[in-house]
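Trainee: If you want the building blocks of each chain, they are given just below.
2 protein chains.
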Amino acid sequence: MRILILGGDGYLGWPTAMHFAGGGHEVLAVDNYLRRTIAQQTQSEALMASPNLHARAKLFESLSGHRIQVQIGDCADFRFLEDVVRSFLPDAIVHYAEQPSAPYSMIGFSEAQQTLNNNLNATFNVIWAVLMHAPDCQIVKLGTMGEYGTPNVDIEEGWIEIEHKGRKEKFLYPRQAGSLYHTTKVLDTDLLWFYVRTYGLRVTDLMQGPVYGLSTQEAELDERLMPNFHYDDIFGTVVNRFLVQAVAGVPLTVYGKGEQVRGYLNLNDTLQCVGLAVEKPAANGELRILNQFTELFSVNELADRVQRAGKRLGLEVKVQTLANPRKEKEEHYYNPVHKGLLELGLKPHLMTEEVLSDMLAKIIRCKEQIDATKILPRVRWDTAGTKSGH
Amino acid sequence: MRILILGGDGYLGWPTAMHFAGGGHEVLAVDNYLRRTIAQQTQSEALMASPNLHARAKLFESLSGHRIQVQIGDCADFRFLEDVVRSFLPDAIVHYAEQPSAPYSMIGFSEAQQTLNNNLNATFNVIWAVLMHAPDCQIVKLGTMGEYGTPNVDIEEGWIEIEHKGRKEKFLYPRQAGSLYHTTKVLDTDLLWFYVRTYGLRVTDLMQGPVYGLSTQEAELDERLMPNFHYDDIFGTVVNRFLVQAVAGVPLTVYGKGEQVRGYLNLNDTLQCVGLAVEKPAANGELRILNQFTELFSVNELADRVQRAGKRLGLEVKVQTLANPRKEKEEHYYNPVHKGLLELGLKPHLMTEEVLSDMLAKIIRCKEQIDATKILPRVRWDTAGTKSGH
Chain A
27 MRILILGGDG
37 YLGWPTAMHF
47 AGGGHEVLAV
57 DNYLRRTIAQ
67 QTQSEALMAS
77 PNLHARAKLF
87 ESLSGHRIQV
97 QIGDCADFRF
107 LEDVVRSFLP
117 DAIVHYAEQP
127 SAPYSMIGFS
137 EAQQTLNNNL
147 NATFNVIWAV
157 LMHAPDCQIV
167 KLGTMGEYGT
177 PNVDIEEGWI
187 EIEHKGRKEK
197 FLYPRQAGSL
207 YHTTKVLDTD
217 LLWFYVRTYG
227 LRVTDLMQGP
237 VYGLSTQEAE
247 LDERLMPNFH
257 YDDIFGTVVN
267 RFLVQAVAGV
277 PLTVYGKGEQ
287 VRGYLNLNDT
297 LQCVGLAVEK
307 PAANGELRIL
317 NQFTELFSVN
327 ELADRVQRAG
337 KRLGLEVKVQ
347 TLANPRKEKE
357 EHYYNPVHKG
367 LLELGLKPHL
377 MTEEVLSDML
387 AKIIRCKEQI
397 DATKILPRVR
407 WDTAGTKSGH
Chain B
27 MRILILGGDG
37 YLGWPTAMHF
47 AGGGHEVLAV
57 DNYLRRTIAQ
67 QTQSEALMAS
77 PNLHARAKLF
87 ESLSGHRIQV
97 QIGDCADFRF
107 LEDVVRSFLP
117 DAIVHYAEQP
127 SAPYSMIGFS
137 EAQQTLNNNL
147 NATFNVIWAV
157 LMHAPDCQIV
167 KLGTMGEYGT
177 PNVDIEEGWI
187 EIEHKGRKEK
197 FLYPRQAGSL
207 YHTTKVLDTD
217 LLWFYVRTYG
227 LRVTDLMQGP
237 VYGLSTQEAE
247 LDERLMPNFH
257 YDDIFGTVVN
267 RFLVQAVAGV
277 PLTVYGKGEQ
287 VRGYLNLNDT
297 LQCVGLAVEK
307 PAANGELRIL
317 NQFTELFSVN
327 ELADRVQRAG
337 KRLGLEVKVQ
347 TLANPRKEKE
357 EHYYNPVHKG
367 LLELGLKPHL
377 MTEEVLSDML
387 AKIIRCKEQI
397 DATKILPRVR
407 WDTAGTKSGH
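Residue numbers (my numbering), protein chains in the order written: chain A, 27 to 416; chain B, 27 to 416.
Bound conformation, chain A alone (with noise of 0.2 Å):
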């Protein structure tokens, strides 16, 4: 199959470029280093330099001898996102290409324009460079569990039956998210299940929980071939960021009383789950949602399992509560469904002590360029608001 990738260069995005390709399928990453650029100018880099995507694209077909085809360009402007479309036909498109960090979503307004703007028209591009140029094209858009909040009923995969006064009614899952970032996944959906409803889009949206992980199969050839991965407050996912903070001796930031629960996947089984999207696509007219997550867990249980983990290589975990910079329920019911991708063949890799062991133990080879002061929060929803930004 043919597969573009859109946000090549990301967390997700290179592994899922490497595994594709690697799986014998054609493969076109396309990023504009948005995330890189913000991440240097909030002081958030990654543990590792990782090298740029053609460097990395070329030293991947050197060893493994598959092929990552780049191009370097702004989903949010279309005539550029047109263009790769309509030259590389995809069959497959997996849109990773948004800003992704919430706290950064939430500094001010210049930040939360430029969230809105940019995963809006990116989402929009997509949609409409399909219709135009590759309408039989399967668009996979990465969404998140955050986009349902955590309401007080269980939550469905997508959609929800409602009986009310006596008549019946299915409806996309009423949602209701704790960032603009997470926000603007919500309007993706929205859009997204407009344009499916009109003109028989087929778009598979996957509701992603927080992902962990350091490395994969193909990033396993070579150092440099690793996904970036952030530990500070800005990018890094909680788990990640509680492994560095294990290693480098600073006490676990329990925001409030880490009762969040909310469910979490390997980075392994994010890989998993994009493929059988792609491999067993929705239908025309079809707007598929999936629940993309394992296992849950509190806060508070993940700091307790890489407290045992750490012990197990010696490392004294200590844990500290800090006031909640979100705005987030700190106690709640939270029961969400996720079978759809387990019936279409998924194989959870789980959160044992030795995958935690196994990640520590990696990032204790790069102890030396943690920083500290990128660990604590930054950003405090609550003021956000009164700061301009610009």
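Quick caveat, the hints were computed from the structure, so don't treat them as lab data.
A portion of the hints provided could be inaccurate.
Just so you know, same-sequence chains aren't split out, so a pair can sit in one copy or run between any two.
[Claimed, not checked] With a Cα cut of at most 30 Å, we get these calculated DSBU-like pairs of lysine-lysine:
hint, residue 1, residue 2
1, 373, 191
2, 365, 84
3, 388, 337
4, 344, 388
5, 196, 365
6, 84, 344
7, 191, 283
8, 344, 393
9, 283, 337
10, 365, 194
11, 393, 353
12, 306, 393
13, 196, 355
14, 353, 306
15, 355, 344
Knowing the structure of chain A, use the given hints to seat chain B on it.
Mentor: Chain B alone, transformed into the frame defined by chain A:
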């Protein structure tokens, strides 16, 4: 009160500005003439040419003694809007500043892109200008009943309590709109709700049905103060369009089966509703959603009423069924609640034969200006996706 009207040149914006000014409020009307520009580009000019906003404000002041300040600029440009809000410091903002045509948003890529970016950025900028410079100012936002679509269950006022698997939660009522324009209003509501619950803004989101009407109390002072009245397929709402067709001797164009039911209201009731929303504001942290219409009619019922009113004036009005250019259910359940505005004090002006005859009589005086080529639908939903529009 200090009231800022965004989109102050529009069919609703201009009468609203006069109405508040006439009521003794300080009014600033802002517009960038986007609707006039699009009307020219699509050959959809209004029945009567209106003087520009400065000229109309001057005329209104000379006749009524009430001043309306005017500023010309683009609300999707944050620097402009921020300056306006920072210097005028409104108590309330009435936000009409959106590309208002569903058919226009369905022409092709460029029109869809313009609608998305104009509408979302205008709303985003209003939110941020208020957050930064007038946090206690109420935003009164014009949404649309079209956000809800035509679900098979009762439509509540903005919110719904759902019982699901034995647990309960209150959600934003799930939305599913029939055009990209209507979908941008769904996204507006999502954005407003995120910022209301995060930063405690006060917002009233008015879910308005199609409006009909040709004049208001203040416009009676001089013909040049009349709202711009569209009867074309791009900007003309169905009742206004039917009345012009009746006068022009063009059969009333019913799309499809004509059993599409919507909630309608008189232009004078829009003024009342917006007035009530401004005078009795939402609380801080409240997104108050009100369904703004007074009566339900099917398209066939409207055609019938126009026919009967025409007969009174000696017009022989025919009805012609056209293949539906839109994608919508032509037979459907429709039972939307509309209590909130009545509870606030709305006294409806109903669509009596007298009201329709009065409008017909006024239109007859402009009969020479009717261009029948503007009436038939020029935009088909099902082919728009294939047009690049640029």
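Trainee: State for each hint whether it applies.
Mentor: Here is what the structure says about each hint:
1. 373 to 191: Result: close only across copies, 28 Å inter versus 41 Å intra.
2. 365 to 84: neither (38 Å within a copy, 65 Å between copies)
3. 388 to 337: Answer is within: at 15 Å inside a copy they meet the 30 Å cutoff, but 85 Å across does not.
4. 344 to 388: within (20 Å within a copy, 80 Å between copies)
5. 196 to 365: both (19 Å within a copy, 25 Å between copies)
6. 84 to 344: neither (42 Å within a copy, 71 Å between copies)
7. 191 to 283: between (39 Å within a copy, 28 Å between copies)
8. 344 to 393: within (17 Å within a copy, 82 Å between copies)
9. 283 to 337: within (23 Å within a copy, 72 Å between copies)
10. 365 to 194: both (23 Å within a copy, 23 Å between copies)
11. 393 to 353: neither (32 Å within a copy, 59 Å between copies)
12. 306 to 393: For residue 306 and residue 393, neither the intra-copy (41 Å) nor the inter-copy (60 Å) Cα distance is at most 30 Å.
13. 196 to 355: Both ways: residue 196 and residue 355 sit 27 Å apart in one copy and 16 Å across, limit 30 Å.
14. 353 to 306: The answer is between: 29 Å across copies meets 30 Å, while 38 Å in one copy does not.
15. 355 to 344: within (24 Å within a copy, 60 Å between copies)
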